[in-house]
Amino acid sequence: MSGSVRTEAPTPAHATLARSLTKPRNGSTQLARRPDEESRIWLERLRSDGPQRELAIAQLHELLTRAASFEVGRRRGMFPQLRGGDLDDLAQQSADDALVAVLSKLDDFRGDSRFTTWAYKFALYQAAATVRRRAWQGREVPLTPEAWPRTASRRASPDQAAETAELLVELRREIDATLSPHQREVLIALALNEVPIDVLAERLNTTRGALYKSLHDARLKLRRGLAARGLTTTGDGETQ
Amino acid sequence: MTDTPSQMLVRRLLGPAGPEVTCDECFAALDHYVELELSGAQPEATLRGMRAHLEGCLACAEDHESLRAFVAATDARGPR
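Protein sequences, first through last, are from chains A and B. Residue numbers for the first sequence follow our numbering, so the first one is 1 and each next one is one higher. Residue numbers for the second sequence follow our numbering, so the first one is 241 and each next one is one higher.
Hints in this document: simulated from the structure, not taken from any laboratory. Keep in mind that this is a model prediction, so the values were computed, not measured. Warning: the hint list may mix true and false statements.
To be verified - Covered by chain B, according to a simulated footprint, are these stretches of chain A (three or more residues, beta-carbon under 8 Å):
no.	region
1	39-48
2	165-172
Stated by the list, open to error - With a cut-off of at most 25 Å between alpha-carbon atoms, the simulated SDA-like pairs for lysine to any residue come out as follows:
no.	chain 1	residue 1	chain 2	residue 2
3	A	Lys105	B	Leu287
4	A	Lys105	B	Gly258
5	A	Lys221	B	Glu277
6	A	Lys221	B	Arg291
7	A	Lys105	B	Phe267
8	A	Lys221	B	Glu305
9	A	Lys105	B	Asp264
10	A	Lys213	B	Leu298
11	A	Lys213	B	Thr286
12	A	Lys213	B	Thr314
13	A	Lys221	B	Thr286
14	A	Lys213	B	Ala312
Yeah, the Cβ is synthetic: ideal placement off N, Cα and C, and Gly gets one too.
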């Protein structure tokens, strides 16, 4: 069972981290449903005091490290130049950040899933964001069109290729005509140039959520613009 | 049939057609969504707008794929 209780003492690093992290002010939480027994025990131990809490934090950190290592490992192809030790450092940093996030948001756990699943997502999120930022470190983020597709793919039929090409021409017209400069920049960076959204957020000094809102609004304008010219799209982007 | 690069670009430019949650809402519900999926349930019935967002947001889609893969692998390993 994940998170089973062990008896060994936390390492000094975890003990230091545990002492620096305060318990949530409010020990209660708006639980959507009764949590499973294992999750209830996790919450109880993390909200307790002294050695019991320190041990729980150490065990939680171990789980988060496993998750972060998993995520960094999945993406190691992005860094052929990094050695194993460097990747371990990325995972450790991500697990540390995730631990702080989990402990500060303990009251947000609603019992909709197991506590461990809820906690894992913080580690995976941190690791993915860390890896993406590291991969783009020192690289310029392209905010203008780098390359629109020119050649037709052999996978498409001639009719499909022509239809898609025409739609892209119309989309480029809409992008130039109807989007605000910021919307254009965000759409081009994220959708055309495939810049990771958290990398772009860091460069533009904003948040992932704010950027996605801009992207969403831009996409809505494009769909409406196409519709106004009689070019409706199906749910998967094909024209009708 | 697999999408061509141009078709994939059109999808990325237009995004999902239906209503979708925000990135913050998606993150908040992701654990619930994944456990519903792994239990064989249809998560969209309970968590509307998540699937659309995962189609439209590459970063959230990657987070979803990672959480699902990690939890499935962890569950498969069993109790320790």
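How the hints compare with the structure:
| no. | hint | verdict |
| --- | --- | --- |
| 1 | 39-48 | violated (count 0) |
| 2 | 165-172 | holds (count 4) |
| 3 | A:Lys105 <-> B:Leu287 | holds, 21 Å |
| 4 | A:Lys105 <-> B:Gly258 | violated, 31 Å |
| 5 | A:Lys221 <-> B:Glu277 | violated, 33 Å |
| 6 | A:Lys221 <-> B:Arg291 | holds, 21 Å |
| 7 | A:Lys105 <-> B:Phe267 | holds, 13 Å |
| 8 | A:Lys221 <-> B:Glu305 | violated, 29 Å |
| 9 | A:Lys105 <-> B:Asp264 | holds, 14 Å |
| 10 | A:Lys213 <-> B:Leu298 | holds, 14 Å |
| 11 | A:Lys213 <-> B:Thr286 | holds, 23 Å |
| 12 | A:Lys213 <-> B:Thr314 | violated, 34 Å |
| 13 | A:Lys221 <-> B:Thr286 | violated, 29 Å |
| 14 | A:Lys213 <-> B:Ala312 | violated, 31 Å |
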